[in-house]
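Peer 1: Sequence:
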Amino acid sequence: AAEAGGGGKGKKFIKPGESREPKKDMIYIDKETGKQKWVKKVGEELVERGATGFAAGAPVAIVGGVHKDLYARVVSTGGIADQMSAVVKLTVSKETVQVPLSDLRPVDLQLEKSRAGFAFRQAAQEEAAAA
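Numbering (my numbering), first residue to last: 5 to 135.
What the hints contain is simulated information worked out from the structure, not anything from laboratory work. Take the hints with a grain of salt, since some may be wrong.
To be verified - Cross-link-like lysine-lysine pairs, in silico, DSS-like; alpha carbons within 27 Å at most:
1. K19 with K35
2. K16 with K45
3. K15 with K35
4. K16 with K44
5. K15 with K27
6. K44 with K28
7. K16 with K35
This one's a predicted model, so the numbers in the text were calculated from it and none came from an experiment.
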């Protein structure tokens, strides 16, 4: 016997204008200061929140290895548990390279704009504390 509602798979019917895709995470960034604001004026544009951590598209700082002191964007991550690495695209030369995750640090773009080189200084302090 066929179930009423057509299909029986439990799918929700989509109305015109709706989507199965999750909503994008939108934030307001002040154009003058470049910082995130919590109150938006009428007519101001929202922008999509950028990727963070080691997700694809996230900005990272390379703090070790051959490409030390360069910035890049993550293309993909993978590997075996203790040998995780990321394929990144360098921001200066647009070259794609593979770097171990231990040589990468996530970058907060807003913090990096206000304090250039912050990610590299923080990594140097971590190394000094460990030694």
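Peer 1: Now tell me, hint by hint, if it's right for this structure.
Peer 2: Going through the hints against the structure:
1. Distance restraint check for K19 and K35: the Cα-Cα separation of roughly 36 Å exceeds the 27 Å cut-off, and the hinted pair is therefore not satisfied.
2. Restraint check for K16 and K45: the C-alpha separation of about 36 Å exceeds 27 Å, so the hint is violated.
3. For a cut-off of 27 Å, the pair hint linking K15 to K35 is broken: about 42 Å separates their Cα positions.
4. At roughly 34 Å between alpha-carbon atoms, K16 and K44 are farther apart than 27 Å, so this suggested pair is violated.
5. For the given pair, K15 sits about 19 Å from K27 by alpha-carbon distance, which is consistent with the 27 Å threshold.
6. Restraint check: the Cα-Cα separation between K44 and K28 comes to about 17 Å, which is no more than 27 Å; the hinted pair holds.
7. For the suggested pair K16 and K35, the alpha carbons sit about 40 Å apart, so the restraint of at most 27 Å is broken.
The structure does not agree with the numbered hints 1, 2, 3, 4 and 7 stated previously, though it agrees with the rest.
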